[in-house]
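2 protein chains.
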Amino acid sequence: MEELRVFCPATIANISCGFDVLGVALDSVGDEMVIRKTPKKGIFITKLEGQDLPMETERNVAGVAGLALLNESDYDGGFEIEIYKNIKAGSGIGSSAASSTGAVWAMNQLLGKPFTTSKLVEFAMEGERLASGVAHADNVAPALFGGFTLVRSYEPLDIIPINSPSELFATVIHPQIEIKTSDSRKILKTHITLKEGIKQWGNLGGLIAGLFTEDYDLIGRSLEDHIVEPIRSILIPGFNDVKKGALASGALGCGISGSGPSIFAFSKGEATAKKVALSMKEVYEKIGIDHDVHISKINTEGIKEI
Amino acid sequence: MEELRVFCPATIANISCGFDVLGVALDSVGDEMVIRKTPKKGIFITKLEGQDLPMETERNVAGVAGLALLNESDYDGGFEIEIYKNIKAGSGIGSSAASSTGAVWAMNQLLGKPFTTSKLVEFAMEGERLASGVAHADNVAPALFGGFTLVRSYEPLDIIPINSPSELFATVIHPQIEIKTSDSRKILKTHITLKEGIKQWGNLGGLIAGLFTEDYDLIGRSLEDHIVEPIRSILIPGFNDVKKGALASGALGCGISGSGPSIFAFSKGEATAKKVALSMKEVYEKIGIDHDVHISKINTEGIKEI
Chain A
1 MEELRVFCPA TIANISCGFD VLGVALDSVG DEMVIRKTPK KGIFITKLEG
51 QDLPMETERN VAGVAGLALL NESDYDGGFE IEIYKNIKAG SGIGSSAASS
101 TGAVWAMNQL LGKPFTTSKL VEFAMEGERL ASGVAHADNV APALFGGFTL
151 VRSYEPLDII PINSPSELFA TVIHPQIEIK TSDSRKILKT HITLKEGIKQ
201 WGNLGGLIAG LFTEDYDLIG RSLEDHIVEP IRSILIPGFN DVKKGALASG
251 ALGCGISGSG PSIFAFSKGE ATAKKVALSM KEVYEKIGID HDVHISKINT
301 EGIKEI
Chain B
1 MEELRVFCPA TIANISCGFD VLGVALDSVG DEMVIRKTPK KGIFITKLEG
51 QDLPMETERN VAGVAGLALL NESDYDGGFE IEIYKNIKAG SGIGSSAASS
101 TGAVWAMNQL LGKPFTTSKL VEFAMEGERL ASGVAHADNV APALFGGFTL
151 VRSYEPLDII PINSPSELFA TVIHPQIEIK TSDSRKILKT HITLKEGIKQ
201 WGNLGGLIAG LFTEDYDLIG RSLEDHIVEP IRSILIPGFN DVKKGALASG
251 ALGCGISGSG PSIFAFSKGE ATAKKVALSM KEVYEKIGID HDVHISKINT
301 EGIKEI
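Residue numbers (the working numbering), protein chains in the order written: chain A, 1 to 306; chain B, 1 to 306.
None of these hints come from the bench; they were simulated from the model. Be a bit skeptical, because a hint or two may be false.
Only some residues are given here: those of chain A computed to face chain B with a beta carbon under 7 Å [said to hold, decoys possible]: (1) 156; (2) 160; (3) 164.
Computed beta-carbon distance windows for the label pairs [to be verified]: (4) 274(B) / 5(A): 51 to 61 Å; (5) 71(A) / 154(B): 49 to 59 Å; (6) 156(A) / 84(B): 42 to 52 Å; (7) 217(A) / 248(B): 38 to 48 Å; (8) 183(A) / 191(B): 20 to 30 Å; (9) 185(B) / 155(A): 49 to 59 Å; (10) 182(B) / 182(A): 53 to 63 Å; (11) 193(A) / 49(B): 36 to 46 Å; (12) 230(B) / 186(A): 51 to 61 Å; (13) 134(A) / 49(B): 55 to 65 Å; (14) 134(A) / 134(B): 53 to 63 Å; (15) 49(B) / 155(A): 44 to 54 Å.
Predicted, not measured: the structure shown is a model, and the values here were computed from it. Built from N, CA and C at the ideal position, the CB exists for glycine as well.
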């Protein structure tokens, strides 16, 4: 096999009480990439459509992630990469993660799978480091493993796949305003009260239990974040109205996707997810902000060949 | 039915990363109680053996919990309570919780089960309020539900039963020194860093996932507490050696039970749990502190009639 075309899913990270640890892969929104073996050593971005992003290997997240893999492999050739972006950069649904993971996943396939999925997470994290300054794993892990994934620990890296309830759907709205990840990190408090911490890990425990037992009510009750959401949501115009509307339309829970500005909601069943989408759109139509809406079931496969 | 004899299990709360939210019921150690209907309205502690504790209803945790139930019931009689303590007060394995829960569980049975198990948790919490000044639920919930339980939230109270892996055994050692719950609460920091919080909820997520998937390695990796254990363990002589020895003997993890001084370890299989017990004993024999050791499988039933 010399060439592979792959679908690279969008992902939601920082799922409410799962701040910095819990992410999930989406099904109906993602990029496409073509990865091709080439005799010349190196990573070469030969095409980039859909977004205005750097094509130099060292400045492109797929390039950097690809180099990380290449440096640890005994393959003495290289790869050409074509990237067809559907996910908007800076939207908060894992645009950089889709590119980084797509590159390393396809390369690993083309080389006969010398690396484990966890090792691919490490390579892809180098793309995240380039994109945001922090080598976080909460978008790249679900893109590579599929479904919900927990980053239990970074030292050592420990990714735990979590069950994805079959009737769970995500609705994501992307209001087209710009928030830089670095800015939205800066406004976070460095300290929290022990009491807030206990509340958060109680909810995360409930959410993980709800995902395993497919208890949709429990999932909904646990989707709370009293620590980060109250601060970051200030940067997202209309957030409170979107959340209120989503819950009133039957969503189990609603929060900030990644570091925003996208907002996600989870629902039981596609019909509710569609109602939630309408209520979300309404808010941004009223305040006049351009927006995209995605409705997706949970993608339990992650990246796949197409 | 006029009278019931019940077994009231000891419990481990504050399970490492599950500080204030996660508890578990034990099988081989617990109190016995006899609860008897009486025409006279009120709660009467008629016998108390094994420990020197107050017998006045208002000063006894079983009395107070029983009154909380009686006040919400339409029963116009009362109950006599006999308490046969095996769990030492102040040992950190839920002595007060055993008495509070035993009383309300048996009364509910004798009255034809007018109250849900969650409601019984609320009544029993009044006993905890008397014992420690805080109406916590992390011992009474596992005593009443059995197995592992998560206190997701206090407002409203939301108890989530968590799967108990079948080969999981607990070893508990009680070094006979006195630590007051109120003292061990006082030394806690009121604030933690966001980074410490993230580490803790990553671990709790991993622990809950490990309990549901019966992944003993994951349970072991997740049994960490970087927040409370480093502070509270200072109050427990020999703690570091006990923990080191337990892990070296094959324990999955080891931590402080409740607010101490008891120390628990979880192991896969009874043989390992016994080896862990020997290594724990050795430490206290060397430093000359009297101690009790318990080895127990997880009690998935909770309180039961005997």
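Comparing the hints with the structure gives:
| no. | hint | result |
| --- | --- | --- |
| 1 | 156 | violated (9 Å) |
| 2 | 160 | holds (5 Å) |
| 3 | 164 | violated (13 Å) |
| 4 | 274(B) / 5(A): 51 to 61 Å | holds (57 Å) |
| 5 | 71(A) / 154(B): 49 to 59 Å | holds (51 Å) |
| 6 | 156(A) / 84(B): 42 to 52 Å | holds (48 Å) |
| 7 | 217(A) / 248(B): 38 to 48 Å | holds (43 Å) |
| 8 | 183(A) / 191(B): 20 to 30 Å | holds (24 Å) |
| 9 | 185(B) / 155(A): 49 to 59 Å | violated (30 Å) |
| 10 | 182(B) / 182(A): 53 to 63 Å | violated (44 Å) |
| 11 | 193(A) / 49(B): 36 to 46 Å | holds (43 Å) |
| 12 | 230(B) / 186(A): 51 to 61 Å | violated (29 Å) |
| 13 | 134(A) / 49(B): 55 to 65 Å | holds (60 Å) |
| 14 | 134(A) / 134(B): 53 to 63 Å | violated (38 Å) |
| 15 | 49(B) / 155(A): 44 to 54 Å | holds (51 Å) |
The structure does not agree with the numbered hints 1, 3, 9, 10, 12, 14 stated previously, though it agrees with the rest.
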